[in-house]
Amino acid sequence: MKPKNQRFILVGAAIIAVLVAVLLAMWGLRERASYFYTPAEIAAGKAEQGRGMRLGGMVEKGSVQRGADGITVHFIVTDGQARTPVIFRDILPDLFREGSGVVAEGQLRGGTFYADKILAKHDERYMPPELGNLSAEHKAAKTLTK
Amino acid sequence: MIAEAGLAALWLAAGLAALQFVLMIMALRSHIDAARTMRSIAAVQGVLTLISFGALLFVFARTDLSVALVFENSHSAKPFIYKVAGAWGNHEGSMLLWVTVLAFAGALLALLSRRTNERTLVAALGAQAALALGFYAFLLVASNPFARLNPAPLEGRGLNPLLQDPGLAFHPPTLYLGYVGLSIAFSLAVGALLTGDVDSRLARAMRPWVLGAWILLTLGITAGSYWAYYELGWGGWWFWDPVENASLMPWLAATALLHSVSVLASRGALKAWTMMLAVIAFSMSMVGTFLVRSGILTSVHAFAIDPERGTFLLALLAIYVGAAFTLFALRGVTLKEGAPFELISRESGLVVNNLLLSVILGVVFLGTLYPLFVEAVTGEKLSVGAPYFNAVAGPLALILAALVAVGPLLRWRSDSRPILKRLTIPALLSASALAMTIIVAPEIGILPRLGLTAAAFLAAACWLPLVGRNPLRTPLAIWGMVIAHFGIAVALAGMAVDSAFTRQTLAVVKQGETLSVGPWTVELGDVVPTAGKNWTAIEAEIHASRGQGLETLKPQTRYFTDPPTETNEAAIETFWNGQLYTVIGKPDASGGWQVRLWWKPFVTLIWLGGVLIAFGGALALVGRAWRGWRSKRDRGWRERYA
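One line per chain: the protein sequences are A and H, in this order. Our numbering applies: residue 1 is where the first sequence begins, and numbers increase by one. Our numbering applies: residue 1 is where the second sequence begins, and numbers increase by one.
Source of the hints: derived by calculation from the structure; they are not laboratory data. No experiment lies behind these values; they were computed from the predicted model shown. From the three backbone atoms N, C-alpha and C, an ideal C-beta is built for every residue, glycine too.
Derived contacts from chain A toward chain H, CB cut-off under 10 angstroms, selection only:
#1 Asn5
#2 Gln6
#3 Trp27
#4 Phe36
#5 Met53
#6 Gly70
#7 Pro93
Isolated chain A, as found in the complex (with noise of 0.2 angstroms):
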């Protein structure tokens, strides 16, 4: 190869390498991205069936319920607008308490959300990203550093 022909070749691979990146992560964010919807939007409908998306709030005080196999769970969570009831079954997060914030990984089906995984507070002070204007513990909020 002529280092002419050479450089122009390694410039162009370069340029589709970036462009085949962007393309490829334009394709994968339109299907996979998971929004985030707090119960009053899921009440009004903006909420998509079926796919991965991410629920929070505060988990409604009294409505926890075990299911008679002691792994699942029923539980409301509100926004004081609207409430979702969330069916969950797994081994809660430590902290996951009635009264206090929720993220809760699932779909929507139905008017029910089935939930994946449940992000609680983790420390006194960590809140889940997306509930910091929800609460007043907003200030505090601290990223868990792993």
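Could you slot chain H onto chain A? The hints should help.
Here is chain H on its own, set in the frame of chain A:
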């Protein structure tokens, strides 16, 4: 006193960095000889930052609560090792560690670098000083680790219990050494672009730094992955969390750079390309630091409310990356293209490696920053997690793993031999691996299935570069390459087997009742309270058996009071063919306990692979250093006795 001494050392170091930068400009403009002076200044700067960091360790070790940082992040009742490690388990302390490594690396460059062209070294030391200056300013203005409290409080607030783990003592410093070690590659590239001396000599000077930083990043990521695996109790080893991606991105760039710098060193080709990657690699380190340290991940709003630190870091990032890219745009085009090569050649193979790594880096970068971008623009909140990263980066990584087998077989410059013929045996092996997974486990997903296939192919093919060589005479660098590539196959096999064959059981059991998971039968024994120095816990005894022998595992739920927190301490038992992973959950009203069990066949291969990759890198580093030393000695003898 100690805290003030630490702060003073930091100010002095900042002053020296400014002087070093000014000297660089003067030296480059008027050809005065500043190299010796700059070497000494850089060395003193390194010592001063070490003193400063030592002072921080000291106040943490003594739990000197009059220092605000100690009050906020420590507690007198904490075990000693976590008191010391707590020094870098917080924002200010970890930024001080960052700067210390930056200055220390600069000092090493100044003291050790004999191969570089003098003018390029001067320019590189100046660039390193400019980098350090920005981060000194950040510490002194926005993140002073030595600020005092008056009056001193009686007790500290304690350290996040998740961080009270031996992992903390090892993981962040290793990662930081890797992150910041890349700054030397960045500074050398900037220096060479300034002086125009981009050649194989520069590449040979740059290579040990890239290799060293890359080894440490590999170890740091591997350790971090294992830490998250056992400490979080979620059974996963990689969560595509932005903090994890922040360490993966520099690693991807450094891996690409490592390969292209070899082309430049051996063949004098890919000049502009390598300089670009050197700039990108450290830029990714800075992006990672920005993501983790600015608070932007907590929420874009938190960033907007307390913008000082984030804006400062963002400005530093913009200035350094912007300046380096501008310099590259001005000077990169004037670089002569290096030695030519044909389409089928080792060089082309490494270009393909670089392109694939860059595409993976690109999709990880875009996926990590997309939520921040969307929230900043539209206010909409979203998250990007495993479904995106696995689907987009996974297949690319598999293609790359398969090509890793081919590249090392190619000759430099041009190769017209039938390469594919040499790959017959690995190809047959991987085809039978594929057939076996289809017969034995028809239900597993496509990605793990192809992962196993690619792993089998690479595990066999990676040894081919040794065929026809005397193993004792083969240079260590070749051994290093082979072992690192074998490590990729091992890690890939572990990931594929883990995602395909992990068995999970989750149930409520009473004492004496049994559960089964994979080949194991598991019985819940006593559940008793226990206590450590700063925690109390509920500990379960779990008896596990698969035919013969009885294993006892003791998972705990720990309760910390400062700050009030619960953590799950998983109990993990390692066997040659996998790990049994147990977690104890909550009690229910009838006296049963939630128990979660995982049987993870061959999961340890993931981290073993990571260690092998790093070990391969270390072999190459040692082998090259030894050769360099020996050839220098031989030259010395020839000169003396000729």
